[in-house]
Amino acid sequence: MAKQLDVLEQAYGGRDFLVGNALSMADLFLAPIVEYLGMFPESQALLETRPNIRRGHAVMRARPSYAATQPKFD
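The opening position of the sequence shown corresponds to residue 34 in my numbering, with each subsequent residue numbered one higher.
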């Protein structure tokens with residue numbers, strides 16, 4: 034998983050989105066995966082060392098449409 038996250042980390046570069054400077058299907062498909070990775074200690078630790086992925090995901094989480102579709106885990 035670390036190798037795949039490294040590829041994504043590089044793909045973001047200094048941008049908030051994976052492909053160019055606007056939201057794309059790539060961002061929409063990756064966002065829930067990153068959300069679930071953040072729920073587990075092992076993968077959360079991998080994300081902590083990848084600031085570009087975290088920044089991109091924060092942008093997604095700030096979108097009202099993304100927040101409105103988040104499942105409630107109780």
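Mixed in with the good hints, there may be bad ones.
Across the chosen pairs, the derived CB separations fall in these ranges [said to hold, decoys possible]:
#, residue 1, residue 2, range
1, Ala-100, Gln-77, 27 to 35 Å
2, Gly-53, Ser-98, 16 to 24 Å
3, Ala-44, Gly-71, 17 to 25 Å
4, Lys-105, Ile-66, 26 to 34 Å
Simulated from the structure, these hints should not be mistaken for laboratory data.
What you are looking at is a predicted structure, and each value in this text was computed from that prediction instead of being measured.
Where is the CB? At the ideal position from N, CA and C, for every residue including glycine.
Tested hints:
{"no.": "1", "hint": "Ala-100 x Gln-77: 27 to 35 Å", "in the structure": "violated (20 Å)"}
{"no.": "2", "hint": "Gly-53 x Ser-98: 16 to 24 Å", "in the structure": "holds (19 Å)"}
{"no.": "3", "hint": "Ala-44 x Gly-71: 17 to 25 Å", "in the structure": "holds (18 Å)"}
{"no.": "4", "hint": "Lys-105 x Ile-66: 26 to 34 Å", "in the structure": "violated (19 Å)"}
Of the numbered hints listed earlier, those contradicted by the structure are 1 and 4.
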